[in-house]
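Since chain A is already given, all that's left is putting chain B on it; use the hints.
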Amino acid sequence: MLGSIYAMVAVALTLSIGVLRFLNFSIPGLFMIGGMTAWASLRGGLPWWLAIGAALLAGAFASLVVERFTWRWMRGAQEFVPLVSSMAFLLLFEHLAVICWGSELRTLPPLFANADWRIAGLVISVPQLVGLVASIALIWALTLGLARTRLGRGLRTIAEDSDTALLLGVEINHIVPVVFLISGLFAALAGVIFALNYRQVQPFMGEMVGLKGISAMIVGGMGSVWGSIAGGLIIGVVEVMSIGYFGADFVDIAVYGLLLLILCVRPTGLFAAAFAGQRA
Amino acid sequence: MLAVHELEVRYGRVHAVRGVSLTLAEGEVVAVLGANGAGKSSLLRALLGLTRPCGGAVLFGGRDITRWPTSARVRDGLILVPEGRRIVMTLTIQENLLMGAFHRRDHRAVAAEIADIYDRFPHLAARRHHPASVLSGGEQQMLAIGRGLLARPRLMMLDEPSLGLSPKLSNEVFALIRRLNRENGQSILLVEQNTQRALELAGRAYVLELGRVVMEGAPERIVADHALQAAYLGRGTAERRGGGQHATSAS
Chain A
1 MLGSIYAMVA VALTLSIGVL RFLNFSIPGL FMIGGMTAWA SLRGGLPWWL AIGAALLAGA
61 FASLVVERFT WRWMRGAQEF VPLVSSMAFL LLFEHLAVIC WGSELRTLPP LFANADWRIA
121 GLVISVPQLV GLVASIALIW ALTLGLARTR LGRGLRTIAE DSDTALLLGV EINHIVPVVF
181 LISGLFAALA GVIFALNYRQ VQPFMGEMVG LKGISAMIVG GMGSVWGSIA GGLIIGVVEV
241 MSIGYFGADF VDIAVYGLLL LILCVRPTGL FAAAFAGQRA
Chain B
1 MLAVHELEVR YGRVHAVRGV SLTLAEGEVV AVLGANGAGK SSLLRALLGL TRPCGGAVLF
61 GGRDITRWPT SARVRDGLIL VPEGRRIVMT LTIQENLLMG AFHRRDHRAV AAEIADIYDR
121 FPHLAARRHH PASVLSGGEQ QMLAIGRGLL ARPRLMMLDE PSLGLSPKLS NEVFALIRRL
181 NRENGQSILL VEQNTQRALE LAGRAYVLEL GRVVMEGAPE RIVADHALQA AYLGRGTAER
241 RGGGQHATSA S
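So the protein lines, in turn, are chains A and B. No gaps in the numbering here: position 3 of the first sequence is 3 in my numbering, and each next residue is one more. No gaps in the numbering here: position 121 of the second sequence is 121 in my numbering, and each next residue is one more.
Among the hints, erroneous ones may be present.
[Unchecked claim] Pair by pair, the computed Cβ-Cβ distance ranges are:
| # | chain 1 | residue 1 | chain 2 | residue 2 | range |
| --- | --- | --- | --- | --- | --- |
| 1 | A | F246 | B | A125 | 56 to 64 Å |
| 2 | A | W73 | B | H5 | 45 to 53 Å |
| 3 | B | A112 | A | S125 | 49 to 57 Å |
| 4 | A | G44 | B | R108 | 47 to 55 Å |
| 5 | B | R67 | A | R199 | 50 to 58 Å |
| 6 | A | T268 | B | R105 | 38 to 46 Å |
| 7 | A | V251 | B | R108 | 54 to 62 Å |
| 8 | B | H107 | A | T143 | 50 to 58 Å |
| 9 | A | R148 | B | A112 | 15 to 23 Å |
| 10 | A | V133 | B | H107 | 29 to 37 Å |
| 11 | B | H107 | A | I253 | 37 to 45 Å |
| 12 | B | A125 | A | I253 | 38 to 46 Å |
| 13 | B | R67 | A | I253 | 41 to 49 Å |
| 14 | B | P69 | A | A141 | 29 to 37 Å |
[Said to hold, decoys possible] Here's a subset of chain B near chain A, in silico, CB distances under 7 Å, partners left out:
| # | residue |
| --- | --- |
| 15 | T70 |
| 16 | M99 |
| 17 | V223 |
| 18 | A224 |
[What the hints assert, rightly or not] Calculated from the model, a selection of chain A residues having no Cβ within reach of chain B, i.e. all distances over 12 Å:
| # | residue |
| --- | --- |
| 19 | Q128 |
| 20 | T157 |
| 21 | L166 |
| 22 | Y198 |
Hints in this document: simulated from the structure, not taken from any laboratory. The C-beta atom is built at its ideal place from N, Cα and C for all residues, glycine as well.
Isolated chain B, as found in the complex:
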């Protein structure tokens, strides 16, 4: 369904994405992992057309969408639930959901789907005509996902959905993502820093480092692979080791 081929993204002198290739089949959950600044968000922005890639190609549903404007990609079902949720605070909760369906004309179906979302999230339903600024972070994330669902995504891309949430709320968000995939067959591209939780969900994963794919495959392989320790998970240990050396030399 999604095939990214040798994608390159530059911001001025910064080479954010360097020849990234990845694929995602219908109904799959694929995780993209990596530290801060590894190029994950740049990759997503390029997939949605918010940033023009300077090389490579993006195929979605068999069509080359590399040069499409964002609105055409959204109409085609490529939907981003952005980092930091990006809820429109001056709009009501209902209006935020309607913004997800901005490009749709089937008003009756939209109304029915909004009712479904309210069934799923009674917290949102109770305050549907309040400005979205009354919501907590977790509720905002649910609203952002609900808004994404109203766009009728063929592929939903989630950028750091657990960022800034308590462990309990993160669990709820991950459980929701799992349900969407299991029950609705929703294809999902999940970008996360919370490696462990993302690998529990994903069928396959890619690890980015400095804009390159340094590892890919099934979650068990990635967990087992020692290289991941150095590439990402072990960054903490490396620092500890460095700190230890420091301590040694000081003594």
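If we strip away everything but chain A, and leave its shape as in the complex, we get:
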């Protein structure tokens, strides 16, 4: 479950890296915006489906704002400038959230009373199952879209060589916001799923998950969508298992130790053959 959340954040990051060659640090912020907006709307008395809608809308909108400031108006700036300004956005979002909602940990009410299925001694929580299925379905739809549609072809062309895309008449200015929109939606939805499952949100919730998302992307192989998913699931499973075997204090040691080990053996990541640019 945790793995699929990491995977979604990693996919959001991957899309940005793969197509735009841009490590978008605002994505953990969008994750937080998704989670906190969901909490705030639920507290405000909105029904759950409206709260989810509001959270996605807020994430998408914030992502487009980031696009304007880190990308469109920064054209021609040096490569690291978008990186720095996206980091600024992460901090900006976090502190705006502190101002709006305070910095303490907030708890969400359980949405679905008694929403556990018991099957042969296994307890399956319905929100977890829904979250897992939704994230897998979305990622699958994304890869299908990249492979089959006109927009997907355009994105892959930009990813390989944006100059060629331009001379073929691709309107890069129209397509780049779409990349930001999709990655913003993925990050925000991951935040919503996190909020509904763990029922806890706070303004800095994105940082830890964002770090794991970046790790998932790197373990999987930069720029590869399927690699990010695999990376996210691996980190999620290792995390849950190390809590079980070694206790909560050892979680990060286990996760990042494994990360270092994988990178020593396969410096390019597990699935380096990417959808974009780089070929194995």
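For chain B alone, kept in the frame of chain A given last:
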């Protein structure tokens, strides 16, 4: 159809195109010749809007397109088959052809035109679902031209289509360009370093040197014109002469 008026292109301190004017009528093949660095590619980039000219005007089909973005020019039928083909290697051959038709919505016509291109180039048809990286240089050039055709060009600009190809493959490429012009009435702006082959194809030609047009007219005139020897063709002889002097002084 195309009228370029006093075009100026600068990259920082480099003055790449200096007051170039040229015209091209519908159905014509016009060659732009010149040595490396004469400003040919800069001219093409400016015509397509990839580089902003700092002076002059470009008229296409009677409209001033000097400030248009590239995508609008492509939709209007001004198509470049770029130097080095610029095939998208991670896309399949079929997807590369579809990229040529990126701005088109008439899917049925696009599918029919792709089928035509496969008829013309069976090499491409056989591997349509393979990544374009499996193609040889000559096949990539055919794919680049096919991709250009799918954009429905009113004017096709070809930048060094024979570059890096064997003489035999160059011949095939030039034969294809000739057929496109003769059979489909395709208007073509051909930029080439292979002066001789380009002049065989072209109805008229311009010779660029250091960003300026130093000669223009019918191919026979240009071949006959002695100035061309100094401007371009004879650069080799000039060097030989210089080398000879060197040899003399050494002895």
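A quick look at each hint next to the structure:
For F246 of chain A paired with A125 of chain B, a C-beta distance near 59 Å keeps the hint of 56 to 64 Å intact. The supplied range of 45 to 53 Å is broken by W73 of chain A and H5 of chain B, whose beta-carbon atoms lie about 33 Å from each other. Separation of A112 of chain B from S125 of chain A is about 53 Å and conforms to the stated range, judged on CB atoms against 49 to 57 Å. Taking the beta carbon of each, G44 of chain A and R108 of chain B are about 50 Å apart, inside 47 to 55 Å as hinted.
Checked against the given bound of 50 to 58 Å, the beta carbons of R67 of chain B and R199 of chain A, roughly 56 Å apart, stay inside it. For T268 of chain A and R105 of chain B, the hinted distance range of 38 to 46 Å is satisfied, since their beta carbons lie about 40 Å from each other. Between V251 of chain A and R108 of chain B the beta carbon distance is about 57 Å. The supplied range of 54 to 62 Å therefore holds. Between H107 of chain B and T143 of chain A the beta carbons are some 23 Å apart, a value that contradicts the proposed interval 50 to 58 Å.
The hint said 15 to 23 Å for the Cβ distance between R148 of chain A and A112 of chain B, and at roughly 20 Å that hint holds. A beta carbon spacing of about 33 Å between V133 of chain A and H107 of chain B agrees with the range 29 to 37 Å that was offered as a hint. Look at H107 of chain B against I253 of chain A: about 55 Å separates their beta carbons, and that is not inside 37 to 45 Å. Here the CB-CB span from A125 of chain B to I253 of chain A is close to 56 Å, at odds with the stated 38 to 46 Å.
Under the hint 41 to 49 Å, the C-beta atoms of R67 of chain B and I253 of chain A, about 59 Å apart, miss the expected range. In this structure the supplied range 29 to 37 Å holds for P69 of chain B paired with A141 of chain A, their Cβ-Cβ distance being about 31 Å. Given hint, T70 of chain B at the interface with chain A, holds; its Cβ is 6 Å from that chain's nearest Cβ, closer than 7 Å. Among the interface hints, the one on M99 of chain B holds; its C-beta lies about 5 Å from the nearest C-beta in chain A, closer than the 7 Å criterion.
Nearest Cβ of chain A to the Cβ of V223 of chain B: about 32 Å, over the 7 Å cut. The hint is violated. Hint status for A224 of chain B relative to chain A: violated, with the closest Cβ pair at about 36 Å, above 7 Å. Against the 12 Å criterion, Q128 of chain A stays outside the reach of chain B, whose nearest CB is about 36 Å from its own CB. A Cβ of chain B approaches the Cβ of T157 of chain A within 12 Å, the least distance being about 5 Å, so the stated non-interface status is violated.
Listed as outside the interface, L166 of chain A is inconsistent with that label: its C-beta sits roughly 6 Å from the nearest C-beta of chain B, within the 12 Å cut-off. Separation of Y198 of chain A from chain B is adequate, the least Cβ-Cβ distance of about 38 Å exceeding the 12 Å criterion.
Against the hints set out earlier in the document, violations occur for numbers 2, 8, 11, 12, 13, 17, 18, 20 and 21.
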